[in-house]
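Please put together the full structure from these sequences, using the hints given.
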Amino acid sequence: MAQNEIAIATRDPKALYHAVKILKGLKIGFTICAPNDFECDIAKVVITTEAEEPQNQDTRTVLVGTDPDPDSVAIDIMVRLLEIHNPACIIIGIDPGMRNGLALVIDGKSVHTRNSSSPIDAVQRTLSWIDHVRQLYHDSVIIVRVGTGSPLYSALYLRGILGRGNVSAVELVNEHHTTLAGSLHSDQSSASMIAARHGRAPSESDVTIEPKDGHVRSLKRLVARITDGRRSLTTEEAQSILVGTSSLESIINGVA
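Note that the working numbering numbers the sequence shown so that position 46 is 46, with each residue one more than the last.
Honestly, I wouldn't trust all of these hints.
[Unchecked claim] Cross-link-like lysine to aspartate or glutamate pairs, in silico, EDC-like; alpha carbons within 20 Å at most:
{"no.": "1", "residue 1": "Lys14", "residue 2": "Asp71"}
{"no.": "2", "residue 1": "Lys212", "residue 2": "Glu237"}
{"no.": "3", "residue 1": "Lys24", "residue 2": "Asp12"}
{"no.": "4", "residue 1": "Lys14", "residue 2": "Glu52"}
{"no.": "5", "residue 1": "Lys27", "residue 2": "Glu53"}
{"no.": "6", "residue 1": "Lys21", "residue 2": "Glu5"}
{"no.": "7", "residue 1": "Lys14", "residue 2": "Glu53"}
{"no.": "8", "residue 1": "Lys220", "residue 2": "Glu237"}
{"no.": "9", "residue 1": "Lys220", "residue 2": "Glu236"}
{"no.": "10", "residue 1": "Lys109", "residue 2": "Asp71"}
{"no.": "11", "residue 1": "Lys24", "residue 2": "Glu5"}
{"no.": "12", "residue 1": "Lys220", "residue 2": "Glu249"}
{"no.": "13", "residue 1": "Lys109", "residue 2": "Asp67"}
{"no.": "14", "residue 1": "Lys44", "residue 2": "Asp58"}
{"no.": "15", "residue 1": "Lys109", "residue 2": "Asp139"}
{"no.": "16", "residue 1": "Lys212", "residue 2": "Asp121"}
{"no.": "17", "residue 1": "Lys212", "residue 2": "Asp139"}
{"no.": "18", "residue 1": "Lys109", "residue 2": "Glu5"}
{"no.": "19", "residue 1": "Lys44", "residue 2": "Glu5"}
{"no.": "20", "residue 1": "Lys24", "residue 2": "Asp58"}
{"no.": "21", "residue 1": "Lys14", "residue 2": "Glu83"}
{"no.": "22", "residue 1": "Lys220", "residue 2": "Asp131"}
Everything labelled a hint here was simulated from the structure, so no lab data went into it.
Structure, rendered in structure tokens:
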């Protein structure tokens, strides 16, 4: 990808910092210039601030404020680079586990991927992505596809996502041959492959979890990790989460 395809056109130091950080995270080249410099004329994407935005409406423009949502900005950049205009289908793939992979695929094009620290965070990010792409593409079909490799974590994710968000469907996908062993971004790669596979509608059994000892231990490790050891889950609390009488989110949110 040519460096001059993206121009950061701002004199705002905070906006410049955020734009550079996001683009480096995406591993995309860019050039930095002043608003209305010639680099803006040849770029496919122009990143600037609302105060510096050209008066004429330019579909290449991505606005970055002083406290932007990195995922939303990344998505805005990529759909312009990939020239996605009126997509028929938007897929969000989820690879559930102790660490979750998320992937956004639009009309078969990989737009954005990231890791998520917990089922709670994965649900929140999914809903945020749905809201954002729905603003961009009002009439597109949006499908969330969830891998079934970890029944415990897919069930926890399903409990959080079903009935929420403006989506056309939620599907469960067989994860067989989606894991790339040893890859630093294996969760994201798996999520992308999950997004590419057709699945089935979830049933009641898919959100039912037996309070097995292994599930209890896994939940205890998860809570200890995502609360930095500030919260220890008791066996009774873990069992109540597994059978659905309490939620993981309510316990995590109880940590100051």
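Evaluation of the provided hints:
Between Lys14 and Asp71 the CA atoms are separated by roughly 17 Å; this keeps the pair inside 20 Å, and the hint holds. Using a Cα cut-off of 20 Å, the hinted pair Lys212 and Glu237 holds, with the two alpha carbons roughly 13 Å apart. The hinted pair formed by Lys24 and Asp12 meets the criterion: a straight-line CA distance of about 18 Å does not exceed 20 Å. Distance restraint check for Lys14 and Glu52: the Cα-Cα separation of roughly 14 Å lies within the 20 Å cut-off, and the hinted pair is therefore satisfied.
Between Lys27 and Glu53, the direct Cα distance comes to roughly 25 Å. Violation of the 20 Å bound is thereby established for this hinted pair. Taking the CA atoms of Lys21 and Glu5, the gap is near 17 Å; set against the 20 Å cutoff, the hint holds. Restraint check: the Cα-Cα separation between Lys14 and Glu53 comes to about 16 Å, which is no more than 20 Å; the hinted pair holds. At roughly 9 Å between alpha-carbon atoms, Lys220 and Glu237 fall within 20 Å of each other, so this suggested pair holds.
Of the pairs offered as hints, the one joining Lys220 and Glu236 holds, with about 11 Å between alpha carbons and a cut-off of 20 Å not exceeded. Note on Lys109 and Asp71: the hinted pairing holds, with a Cα-Cα distance of about 16 Å set against a maximum of 20 Å. As the CA atoms of Lys24 and Glu5 are separated by approximately 14 Å, the hinted pair is consistent with the 20 Å bound. Our distance criterion of 20 Å between C-alpha atoms is met by Lys220 and Glu249, whose separation comes to about 14 Å.
For the given pair, Lys109 sits about 28 Å from Asp67 by alpha-carbon distance, which is inconsistent with the 20 Å threshold. At most 20 Å may separate the alpha-carbon atoms for a hinted pair to count; Lys44 and Asp58 meet this at roughly 11 Å. The hinted pair formed by Lys109 and Asp139 meets the criterion: a straight-line CA distance of about 18 Å does not exceed 20 Å. For the hint pairing Lys212 with Asp121, the CA-to-CA distance comes to about 24 Å; that exceeds 20 Å, so the pair is violated.
Taken as a hint, the Lys212 and Asp139 pair is broken in the structure, with Cα atoms around 43 Å apart against an allowance of 20 Å. For the proposed pair Lys109 and Glu5, the alpha carbon gap of about 18 Å is at most 20 Å, so the pair holds. For the hint linking Lys44 to Glu5, the alpha-carbon distance of about 5 Å falls within 20 Å, and the restraint holds. Between the alpha carbons of Lys24 and Asp58 the distance comes to roughly 24 Å, so the proposed pair goes past 20 Å and is violated.
Taking the CA atoms of Lys14 and Glu83, the gap is about 28 Å. The hint is violated against a cut of 20 Å. About 32 Å separates the Cα atoms of Lys220 and Asp131, which puts this hinted pair outside 20 Å; it is violated.
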